[in-house]
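Asks: Given next are the chains, with one letter for each unit.
Number of protein chains: 2
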Amino acid sequence: MKQLEKPLSNLLERVKGKAVKRIVVAAAEDKAVLLSLREAMKTGIIEPILVGNRGKIEAILAEINFSVGNTRIIDESNSSVSAEKAVDLIKKGEAEILMKGFVGTGPLLKAVLDKEKGLKKNGTLSHFALFDIPSYPKLLGITDAAMNISPDFNEKTEILLNAIDIMHRLGLEIPKVAIVSPVEVVNPKIESTVHAAMLSMMQKRGQIRGCLIDGPLALDNAISKEAAEHKGIHGEVAGDADLLLAPDLDAGNMLYKSLIFFAGGITAAIITGASVPIVLTSRSDSEESKFMSIVLAAALD
Amino acid sequence: MKQLEKPLSNLLERVKGKAVKRIVVAAAEDKAVLLSLREAMKTGIIEPILVGNRGKIEAILAEINFSVGNTRIIDESNSSVSAEKAVDLIKKGEAEILMKGFVGTGPLLKAVLDKEKGLKKNGTLSHFALFDIPSYPKLLGITDAAMNISPDFNEKTEILLNAIDIMHRLGLEIPKVAIVSPVEVVNPKIESTVHAAMLSMMQKRGQIRGCLIDGPLALDNAISKEAAEHKGIHGEVAGDADLLLAPDLDAGNMLYKSLIFFAGGITAAIITGASVPIVLTSRSDSEESKFMSIVLAAALD
Numbered sequence: 082m083k084q085l086e087k088p089l090s091n092l093l094e095r096v097k098g099k100a101v102k103r104i105v106v107a108a109a110e111d112k113a114v115l116l117s118l119r120e121a122m123k124t125g126i127i128e129p130i131l132v133g134n135r136g137k138i139e140a141i142l143a144e145i146n147f148s149v150g151n152t153r154i155i156d157e158s159n160s161s162v163s164a165e166k167a168v169d170l171i172k173k174g175e176a177e178i179l180m181k182g183f184v185g186t187g188p189l190l191k192a193v194l195d196k197e198k199g200l201k202k203n204g205t206l207s208h209f210a211l212f213d214i215p216s217y218p219k220l221l222g223i224t225d226a227a228m229n230i231s232p233d234f235n236e237k238t239e240i241l242l243n244a245i246d247i248m249h250r251l252g253l254e255i256p257k258v259a260i261v262s263p264v265e266v267v268n269p270k271i272e273s274t275v276h277a278a279m280l281s282m283m284q285k286r287g288q289i290r291g292c293l294i295d296g297p298l299a300l301d302n303a304i305s306k307e308a309a310e311h312k313g314i315h316g317e318v319a320g321d322a323d324l325l326l327a328p329d330l331d332a333g334n335m336l337y338k339s340l341i342f343f344a345g346g347i348t349a350a351i352i353t354g355a356s357v358p359i360v361l362t363s364r365s366d367s368e369e370s371k372f373m374s375i376v377l378a379a380a381l382d
Numbered sequence: 082m083k084q085l086e087k088p089l090s091n092l093l094e095r096v097k098g099k100a101v102k103r104i105v106v107a108a109a110e111d112k113a114v115l116l117s118l119r120e121a122m123k124t125g126i127i128e129p130i131l132v133g134n135r136g137k138i139e140a141i142l143a144e145i146n147f148s149v150g151n152t153r154i155i156d157e158s159n160s161s162v163s164a165e166k167a168v169d170l171i172k173k174g175e176a177e178i179l180m181k182g183f184v185g186t187g188p189l190l191k192a193v194l195d196k197e198k199g200l201k202k203n204g205t206l207s208h209f210a211l212f213d214i215p216s217y218p219k220l221l222g223i224t225d226a227a228m229n230i231s232p233d234f235n236e237k238t239e240i241l242l243n244a245i246d247i248m249h250r251l252g253l254e255i256p257k258v259a260i261v262s263p264v265e266v267v268n269p270k271i272e273s274t275v276h277a278a279m280l281s282m283m284q285k286r287g288q289i290r291g292c293l294i295d296g297p298l299a300l301d302n303a304i305s306k307e308a309a310e311h312k313g314i315h316g317e318v319a320g321d322a323d324l325l326l327a328p329d330l331d332a333g334n335m336l337y338k339s340l341i342f343f344a345g346g347i348t349a350a351i352i353t354g355a356s357v358p359i360v361l362t363s364r365s366d367s368e369e370s371k372f373m374s375i376v377l378a379a380a381l382d
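Each protein sequence line maps, in turn, to chains Z and X.
For the first sequence, the positions run 82 to 382 when my numbering is used.
For the second sequence, the positions run 82 to 382 when my numbering is used.
The hints are simulated quantities; they were obtained by calculation from the structure and are not laboratory data.
Hints may be right or wrong, so weigh each one.
Note: identical chains are not told apart, hence a pair may lie in one copy or across any two.
What the hints assert, rightly or not - Distance condition first, Cα-Cα at most 30 Å in a straight line; then the derived BS3-like pairs of lysine-lysine: (1) LYS191 <-> LYS270; (2) LYS173 <-> LYS201; (3) LYS196 <-> LYS87; (4) LYS191 <-> LYS97.
Here chain Z stands alone, though its shape is the one from the complex (with noise of 0.2 Å):
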C-alpha cells in the first residue's frame, strides 16, 4: 500500500477480514463509552468485556437499549481496581484492546504501566491520531497531540518509533514522515529544528528504517508539494507527508485541535507503545471519533 486512503470509514473494510477483536473496558459504566461501542458491535468487528460496576453498567444498557448478550461483565465498583482487572485480562491473553471507561486517564496509565502486572513494552506510551481531513488528499497521521508534554530526544524518537509501526500495521509500507518544526531551516536556538535534523540523518543511515524522513519542514512544506517547492525542497515527503511528528505537546495539540474545529477534520485516535492499543476517548471528542477509534485499534495487524 502506497497511502492510507479517504475516508476515514476504509478501516472499517479493512477491519472487516479479520477476526472479531476483544475489547476490554476498565470502569464501563460511561454512556458514551457503551454508545459508542454500541455501534461497534453492530458492524460485527468486536466483542466487548465490560468491566465495572455491574448496577450501574446494566442501566445504562437498558437506557440505550444496547442488548450485549452473553457479554462477559465483570463486577467491580473501584474503578482503579477495574483497571487492574482489564489489564489483567489482557495479560491472560482474553482480550486484545483495552479501553478507558469511567475512570481517570492517571489510574487507568498507572495499571498499564505497572512494572510487573502492566502492559508497557520497552519505549514510551504515545498517542497517534489518524485524520481524514477535507483539504489534504489522504490520511494523515500526526502524533502526539495528547500524551507527552515536553518529550526529550530519545522519548520523540520513541514517539515516532510507535506512530511508524502503527502506520505499518494499517499497511502502509513505506510512510513518509515529515517532521513538523516553525521553519525549514536548521536553526541551533529552535530544539525542534535539531530533533528534525537529527531524525532525518537517522533514517539515511539505516538508524530509523522502514520509513521515510525529511525535517525540519514548516507544516506547509509537509503537506503542500507548491509550498515546498517555494522553498526549494524537493523529495519524496515534503508536500506529501503521511504522518508528522509535532515538536512537542503545545504544538502538537493546536495542530490537533485546530484540524477539529478549524479545518473539519475527522480523526481516530489511539495510545500506542504499550502491548495492545488502548482507546482512551475524551468527553469532548465527536460520537464519530469515539467509534472510529475503536475501528483503528481493531484494524491493526
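Model the placement of chain X on the given structure of chain Z, informed by the hints.
Replies: Relative to chain Z, chain X alone:
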C-alpha cells in the same frame, strides 16, 4: 466596536476614511513586493517611498506595468544600507509604515533595533496576524506565529500587550483574549498553562487592562462555546476569543499554517512593537495576504 467583523477586506473600508499613509520600502527591488504595492496604490490608501537599486526597481516597475508617478526612489544598492536609510526616513517622520523588500530579515531588524538610530520602543518586537477563517464567525488575531522562538514570561506579556494595542488601534475596545495551552487546567509541568494562569490573574488584578483574559484554554475551548461548556468553562472569553496567545513559536506557527493550508484562512500580518508597523511578508504568502498586510498596517489608528 464589539468585535472585528469579517471579511478581512473590511480593513480596507476602515482605511479609506484616513489620511494616506506613507510606506517606505527597504530594498524595493522585489517583484512580489512591488506587485502588492501596486494593488495597494490602486486603492489610494498608501504613498510609497522606494529605497533600493534604482536600475533594478525601474526594470521591475516597467515589467509589471506599474506607473509610480512622482514616487520618490532613493538609489541604494547595498541592501543593509537600504534598510538603514528606510529606518532613517521613518525616524525623520517621512513615512508611517516600514516594509521589507529584497533584504534579509536579519539586516532589516538590525536597522530597526539599533539603539540610537532604530525604531524600537522598550518592549519586544512580535508578530501579529489577523485571520479570516471560513469556520469562525469573526476576525481572529493570533500572536506570535513567526518571530519569538521561546519567549519567557516577560516577553510573552509584551507580545500580548503588543497584540492588544493593535486590536485597540483597529477599534476593538475590549478584545477577548484566550491564552492557549494543550489543556484547560493548570499543570505545573506544562509551562504554557502556568503562564496562562498568571496572565489571567494579572488581568483580574488590573495589571493588564483594556481586555478580558481567560486561560489556560485549549484551542477548542477558546473558539467553540460548545467545547468550552463541555468542560464546564463559562465566562465571556471561552468560545468567543478575538485574540489567541500561542505558547511559543512551535505552536503558534503550527496554528498559523494549519489555518492557511488546511482551514482556508486568509491572513494579514505585521511586526509590531516598534514605533511603526513593519510589513514583512514572506515569499510563500499569497498575493492577497501580502496586499492585506499592507492594508492592516495602514488601518491602525
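Asks: Indicate, hint by hint, whether the structure satisfies it.
Replies: Hints versus structure:
In this assembly of identical chains, the alpha carbons of LYS191 and LYS270 lie at most 30 Å apart only when taken from different copies (18 Å versus 36 Å within one copy). When the C-alpha separation of LYS173 and LYS201 is checked against a cutoff of 30 Å, the pair qualifies only within one copy, where the shortest distance is 14 Å, while the shortest distance between copies is 66 Å. Neither within a single protomer nor between protomers do LYS196 and LYS87 lie at most 30 Å apart by alpha-carbon distance, with minima of 39 Å and 55 Å respectively. Taking CA atoms no more than 30 Å apart as the test, LYS191 paired with LYS97 passes in neither setting, with 33 Å inside one copy and 62 Å between copies.
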